[in-house]
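S.K.: Each chain, letter by letter, is given below.
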Amino acid sequence: MAARESCCAGCYSFLFEYDTPRIVLIKSRKVGVMNRLVQLAILAYVIGWVFVWEKGYQETDSVVSSVTTKVKGVAMTNTSELGLRIWDVADYVIPPQGENAVFIMTNLIVTLNQTQSYCPELPDKTTRCQSDENCMKGYVGTHSNGVQTGKCVPYKATVKTCEVFAWCPVEDDTRVPKQPFLKEAENFTLLLKNNIWYPKFNFTKRNILPTINSTYLKTCIYDPKTDPFCPIFRLRQIVEAAGQNFQEMAVQGGVMAVQIKWNCDLDKSASLCVPRYSFRRIDNKDSVHTVAPGYNFRFAKYYKDASGGDFRTLIKAYGIRFDIMVFGTAGKFDIIPTMINIGSGLALFGVATVLCDVIVLYFMKKRYYYREKKYKYVEDYELGGNETYGSQS
Amino acid sequence: MAARESCCAGCYSFLFEYDTPRIVLIKSRKVGVMNRLVQLAILAYVIGWVFVWEKGYQETDSVVSSVTTKVKGVAMTNTSELGLRIWDVADYVIPPQGENAVFIMTNLIVTLNQTQSYCPELPDKTTRCQSDENCMKGYVGTHSNGVQTGKCVPYKATVKTCEVFAWCPVEDDTRVPKQPFLKEAENFTLLLKNNIWYPKFNFTKRNILPTINSTYLKTCIYDPKTDPFCPIFRLRQIVEAAGQNFQEMAVQGGVMAVQIKWNCDLDKSASLCVPRYSFRRIDNKDSVHTVAPGYNFRFAKYYKDASGGDFRTLIKAYGIRFDIMVFGTAGKFDIIPTMINIGSGLALFGVATVLCDVIVLYFMKKRYYYREKKYKYVEDYELGGNETYGSQS
Amino acid sequence: MAARESCCAGCYSFLFEYDTPRIVLIKSRKVGVMNRLVQLAILAYVIGWVFVWEKGYQETDSVVSSVTTKVKGVAMTNTSELGLRIWDVADYVIPPQGENAVFIMTNLIVTLNQTQSYCPELPDKTTRCQSDENCMKGYVGTHSNGVQTGKCVPYKATVKTCEVFAWCPVEDDTRVPKQPFLKEAENFTLLLKNNIWYPKFNFTKRNILPTINSTYLKTCIYDPKTDPFCPIFRLRQIVEAAGQNFQEMAVQGGVMAVQIKWNCDLDKSASLCVPRYSFRRIDNKDSVHTVAPGYNFRFAKYYKDASGGDFRTLIKAYGIRFDIMVFGTAGKFDIIPTMINIGSGLALFGVATVLCDVIVLYFMKKRYYYREKKYKYVEDYELGGNETYGSQS
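Sequence lines, in order, name chains A, B and C. Those letters in the first sequence? Residues 73 to 465, per my numbering, in order. Those letters in the second sequence? Residues 73 to 465, per my numbering, in order. Those letters in the third sequence? Residues 73 to 465, per my numbering, in order.
To be clear, the hints were calculated from the coordinates, so they are not data collected in a lab. Where hints are given, some of them may not hold.
A pair holds if it fits inside one copy or across any two, identical chains being indistinguishable in the list.
What the hints assert, rightly or not - Mimicking DSSO-like on lysine-lysine, the simulated pairs with C-alpha atoms at most 27 Å apart in a straight line are:
#1 K272 with K340
#2 K437 with K102
#3 K144 with K232
#4 K209 with K144
#5 K209 with K232
#6 K223 with K255
#7 K223 with K144
#8 K388 with K228
Extracted from the complex, chain A is given alone in its bound form:
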């Protein structure tokens, strides 16, 4: 027997012996069928759900994207302050080019001919005053337009406020025009060019599909039903698709998400990988749970007078910012996720046997009889001690 312990004999048996578990075959309709059913269920889950439905055999990658935008449209306004005026792209798109967003001005508060000088502050509870005592030289509040000089000067006939050194006259944004200034903005069109890339699979595609020709592109307008792949959008449609009212939104401004979804199954033809557009309002409408509702920012145009003095036109621009959000995942067959799913699927198979065993050995009438067959009891007389470990080993 000692010979069999020898290494060579060991690897001999290792190589040329084949070991397979001994099985009890129990002829029993009930258990047999049940066993198969459980296995079937597991198989169905692994094949049907994991592989067919959830594509568990695929490796996934997320999208890398680039977006360019182009706005078209002109609007005419007629106000006492600015007179008859035409607004074109260069006027209302600020900044002229963005990366994943484009801002379109729909409303504005203009303050003409501001110069660096001294003037009364906009009246509010902190700036109103009766006399110079109420004003602190050098004071600057969070909402100040400038630095207080310490003087108290008349703002209007009745009202006196602290004087500030600032761009004067200071902007009065207390009342936003109730009507959006550029009503016609709702008819402007937005052209989106989106190029996506899945680095892992080195797959690129454009939202302007190769099947579309330029004559169609010159005339089409996106419509979820009729023109789902036309990359030209009418602003009003975008806003309405998100369940909002354009004219209402245009007053205070806001932020819209133009979501482009690129979910692609790269095991299928590339032509099936197409963009899906959806729209959502991002900014918080209700002014209770937010500050500065809507969306606006300030910018200025700077001028010099004949004598070289600086003056500027300050514009508080309200408008709609369209954030183009591109996302999605591409899937392609890969051996590893496949094997992981198969492997764990096989493991689950074991469950079937375990389940049936429990029933056979604990709930069936003949359980003792079956146990006899399945189990072989081996008594072990040693009393737990360290001498048990073989000395040869």
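Got chain A; can you put chains B and C on it based on the hints?
M.R.: Just chains B and C now, with coordinates in the frame of chain A:
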């Protein structure tokens, strides 16, 4: 026997009994060897492919990135319209700073001294007219420069078009200069600073590697062979690396992707985690399947004359936008993916036995003999009925 | 027997026979307990670590985000060059609106009244000259401000440099003011509005939590301890939270990361999904391993004089760019990862038996006795030949 049913006895046996499957050892060269080979194959796959090659033991994270850019270079132009003129960074980089992109103007159509007034529209099939009847007051088309007044006025000696209220004179962008305006742009240099971060592993790195000193940086130019880690790029090289011609691209403009790939194995030294640059043209060249080929946008510089009247210089800027796309995944050892892979690997191991069993029990001469050994048939005489379930249970 | 080979009999036995492995039950305290302990360990790992701790039962998705910013604050400066001057948002935020970043100018070099003309180049080793011989007509270097005319003209009393055609006078950025120009910038406040979206679970949330009311928002300032959810930040705090000194950083400029982390467990209440802010300096401080330390860019304001001649004010703006980086993962229960983990967990269970077998069969005194019980040796006399495959099959 009923005593053995008792709980305490149950947990006694549960704790102090050890069950292991009974095995048939079949001495057969063929099957033995085959069995080992199948197991070897599975082992090779699990170890070699999943772990060594695909690093299945790693958890992954995707990159968070920040990019800053700086362009250098000047160009001189000499045209009848603008005369001798020098262009520096402040002139051709619009907007002056971007986030993940930088636009460099290479061509432009200037329309000087536009004022808000009345002038004939640019002639096209919708605006040409013989008499006022052809023009509709208040009409605004998609491509209009302004609002029609309803008059029909001479545009050129022969041509008459509808009059519009607009920024006049209207821009004539019908013919783009065939020659790029800023030819020298191809020699401009672009400095990229990129800082990446892997939040899950809290690992940060810059594309300016610590091994590089500033004297080298002052002089180097990126080159895939000789200077793969120099963050300064010559514009022409970028475009050519993407298989494009700079001068050709500069005419109509375009969008280039500068891709920075950060694939890092964080189990190895951090110094091995380096950026890889690659370049790709994003916009669609062929004008058949796209609208507005190339890349351009309009912006204006606003002025006031002595009397305070507004006028502007409208610029339609053609140029190349460089989108810096940073992507990549970092991997680091993690227990969970490791265990998942090991677990499913083990499960696959079972396949070996199953396979050999099939052969042994169905294809070998002695299959009946082996079946005898492997299987033990237990007849179950009951006739499938509900009385089979033990009453004690 | 041949009958049993028939298909129908086959599926009969397939359906109505139930096979379960035969087991040896070894009564041994040691092995039994050990076996249970190993199983317990594996169970503990699968349940405790994979499921409870790492939430292995969840599918994950990464965030899609949109950010808007608003800066408030004014600063006053008094220099010989510009005189007494006030700076407000429209002056120091460039460009007026960004997407995921906002730049605040803290220091600047102004070059007033530049015109397109001829002037001496800034003196450095390449531009200094004694006579016209030293200057090359048409030469443009990387750092040139214009195109050399070939003349050598006096720059200062003693120094002569090559003449260039450029925007003159050329900018002298050799010495950056040691003091930041807009010191008060440290007290400016930054309002961040962030809207996130997890497409896979269609879950959206704002960083302005519904529990916060607008009165609180009007007054609060972010503080990691007391106001962790206030979206309004004081610039100095951001910089100091990253362990930097604002005034120091303001001189040369820099880039700060405002990191917003959205890690959400969507199996729990949505109200537990809240943003976590952290701050980090991105640009490289030490000027040894970088070029152009800090952060700056050039832009110009363009003017026309009475005669219609162009001139501009060139500004080299140093400042701090705040990059808002939004990241995070949301997890939600999903059947597939759960099954994968359970499956591979079950597979690991097998390990316990294997381990114990090794001990029982190789290290225990009675190993031969146990082997007897576990194994059944089946001799196979055939000499590996092709006749072994059954003809019937």
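S.K.: Please go over all the hints and tell whether each is borne out by the structure.
M.R.: Right, here's what the structure says about each hint:
no., hint, result
1, K272 with K340, "both (16 Å within a copy, 22 Å between copies)"
2, K437 with K102, "within (13 Å within a copy, 33 Å between copies)"
3, K144 with K232, "between (46 Å within a copy, 24 Å between copies)"
4, K209 with K144, "between (49 Å within a copy, 20 Å between copies)"
5, K209 with K232, "within (16 Å within a copy, 49 Å between copies)"
6, K223 with K255, "between (42 Å within a copy, 25 Å between copies)"
7, K223 with K144, "between (49 Å within a copy, 24 Å between copies)"
8, K388 with K228, "within (23 Å within a copy, 40 Å between copies)"
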